[in-house]
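Participant: Using the sequences and the hints given, assemble the complete structure.
Residue numbers (our numbering), protein chains in the order written: chain U, 1 to 420; chain R, 1 to 420.
These are computed hints drawn from the structure, not numbers from a lab. Any given hint could be a false lead.
Since the list gives no way to pick one copy over another, a pair counts as held whenever it fits inside one copy or between any two copies.
[As the list claims (entries may be wrong)] Below 20 Å or equal to it, Euclidean Cα-Cα: the simulated SDA-like pairs (lysine to any residue) are: (1) 330 / 278; (2) 349 / 206; (3) 330 / 279.
Just so it is clear, the structure is predicted and the values come from calculations on it, not from any experiment.
2 protein chains.
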Amino acid sequence: MPGPALSNLRVDGERLWASLMETARFGGTEKGGIRRLALSEEDRAVRDWLLEQTRVAGYDSGVDAIGNIYVQRPGADPSRAPVAIGSHLDTQPTGGKFDGVLGVLAGLEVFRTLDDAGIKTQAPLCLVDWTNEEGARFAPGEMGSEVYAGDVTLDFALSRTDAEGVSVREALERIGYRGPETPGARRFAAMVELHIEQGPLLEAEGLTIGVVTAAKGQRWYNGEVAGRESHAGTTPMNLRRDALPAFAEFVLAVEAIARAEAPAGVGTIGMAEAQPGARNTVPGAVRFTLEFRHSDAERLSVMHGQAMSAAQRISAARGVEIELDPFWRKAPVAFASAVAEAIAQAAQKLGLPSVEMTSGAGHDAVAVASTVPTAMIFVPCSGGISHNEAESATPRDCAAGADVLLHSVLALAGTKTCQT
Amino acid sequence: MPGPALSNLRVDGERLWASLMETARFGGTEKGGIRRLALSEEDRAVRDWLLEQTRVAGYDSGVDAIGNIYVQRPGADPSRAPVAIGSHLDTQPTGGKFDGVLGVLAGLEVFRTLDDAGIKTQAPLCLVDWTNEEGARFAPGEMGSEVYAGDVTLDFALSRTDAEGVSVREALERIGYRGPETPGARRFAAMVELHIEQGPLLEAEGLTIGVVTAAKGQRWYNGEVAGRESHAGTTPMNLRRDALPAFAEFVLAVEAIARAEAPAGVGTIGMAEAQPGARNTVPGAVRFTLEFRHSDAERLSVMHGQAMSAAQRISAARGVEIELDPFWRKAPVAFASAVAEAIAQAAQKLGLPSVEMTSGAGHDAVAVASTVPTAMIFVPCSGGISHNEAESATPRDCAAGADVLLHSVLALAGTKTCQT
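Facilitator: See the structure below:
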């Protein structure tokens, strides 16, 4: 266990904040956000910056074939597998300054803090920038971490193209980040990801640290209500097969299904458009998307069944067809309890108010969790707003999250001072 | 009253059908519809065709400053105001072969039938092709007839532009149909418009003729539900201000309001789109359109009030803002009972099953009705489908409508044979 001196160790919150603000220039937007799409010139610039910082500090680094960057800080026992700290430096098209970036730069700050204090961990540490977490330019997201975990093949990932037809392979080569390492070849003893919550719970509860013990499973659907297009002026109400009121009933059914599973379950219809979309035409169709998330796989199945039943019931009652195509799903992920425990104890030792949480969003940590013992640290973001240039977190909360990251990693990697 | 010989007079249904099919080539689409936007080259072609037919037959014609075409068939008493037969030759972007076109070509067929039979009416007859009824290229529609009636000024109409910025004035000059006559200068004793129903009632009831005695009033709105955009995975149900379920409640409220006014009232939300329209974002807004139609102005006001109340009630209950902008309205129009009576008697004499109806759609006849005693004849169209390339009417129903048009006009104009 760390001695008294070690337990007083804190990151340099001002230095962490300065690095957040410095790198925010790579793709910085007028509104104070970041547009740094995966494998763009801006992504190259921030990657180059990271490698330059670590080169100056004297760390070894490597890049794998999907562009994941690994920066290694040696441990006292080179035979031990490294403890990883990872997140991503790419952003949404109009993203904020914290989503992903905080996790990587806090890792860098942990390295610097240990350097300044002259502390060597037993196990090596490894800072990872996972490629294309957002999936905004190249779908799907969590690309680098899923290739690492073996959930997606390298060839599939490299063949994905952006809207201009540029493949991931070409984009990696263009920016010089198609590395020689085999993804997944580096094995880790554990991974910790620090991330803003991207939700409103910590702020609403006045808490600083979320100890993320699981990630919700997801089920995604494409949907369509097919009714009959007709003239809005000449078709009496009783002769209509209007797709929109049928859709409205389905929207309310989905809401009721999700409310019954609160707080662990959520349900969202994010895209919805009436067709043909004319002011004086009774809609013949509504196209929409639906997703359910729940931390419990069984309840997720129940939600699925209830949505299918609602679609059938409304279709039959209204003489329309509501079709749901469940095209993608992901099982709930339970994070490693040992890693979550290290996080919870770190928060407790630091005197930071914390709560166990389930991540509703996808993260690199969720992808990696199938092959590496993993957990996450959440810190609050203002209003729960994310994927938005207005995304905001306080210097104090960022530093608190980095402190928890520091002490979690110290506990997981062990320290030389304790061993000697 | 017409003698026995006159009452046996019938149009040539095959010739009418042939002219429908012949002119359908001007802008004809692969799917059997017509794309003949107002004042386009295709519109010029069909206008030229009409004037060529009437030139050959020896009629006088004139064009006014908004491009309305008037073809005059002389009467025995030149001092009497002409009885007009009018509709439009322009179509929707993917329109059918009958909407508007039938009313003009049936008028031509009436002229030809009278010519063949050597019949001179007492009052002159005037066939009118009203400019830009559809409003698809240049908004608003019923442009030629509204300028004629004085509801819209000529300058306003001429200044309207299409999506490419071409004005009505320029488009008229390009196709050579900016005529010298002052719109409204020709006065009519009456006008009859034959049109497909564009609704399902006649077909559903097995009837051939609708005697249209009135047109519904309309109220049009732009609407928006403003909630709060948030992350679909991380925002619990109880902390959402999702614009979409609020909109869904409003959709069902509008449907209930309209059903309570059936069959005279209808309510339609034709356009609806969730914003920002991302699969994993809780909608922060929904933009939509709303329209109510009713034959009774007072009930239309009641519908308006109920919609406003529903918007307020749902807004308050859900912590969102539902805004309704009532940007356009039109009062119900009662057609001239003498003209409607002439139509009803003609149908009865011809042994055609008919019913009194209210038009739910706008028509040139509705615009003209404020200054000319006017009524309409409806014939069935398959499935009530209109504004669609699949729009379809039978040769038999088209001929029946033209026969009713013929005998209505004969009754309104009087015939020389009866006077001598």
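Participant: Hint by hint, say whether it matches the structure.
Facilitator: Now the hints, each set against the structure:
1. Taking the shortest alpha-carbon separations for residue 330 and residue 278, only the inter-copy value of 19 Å comes in at or below 20 Å, while the best intra-copy value is 37 Å.
2. Taking the shortest Cα distances, residue 349 and residue 206 sit within 20 Å of each other inside one copy (18 Å), while across copies they are farther apart (84 Å).
3. Proximity of residue 330 to residue 279 under the C-alpha cut-off of 20 Å is restricted to the inter-copy arrangement: shortest distance 15 Å between copies versus 39 Å within a copy.
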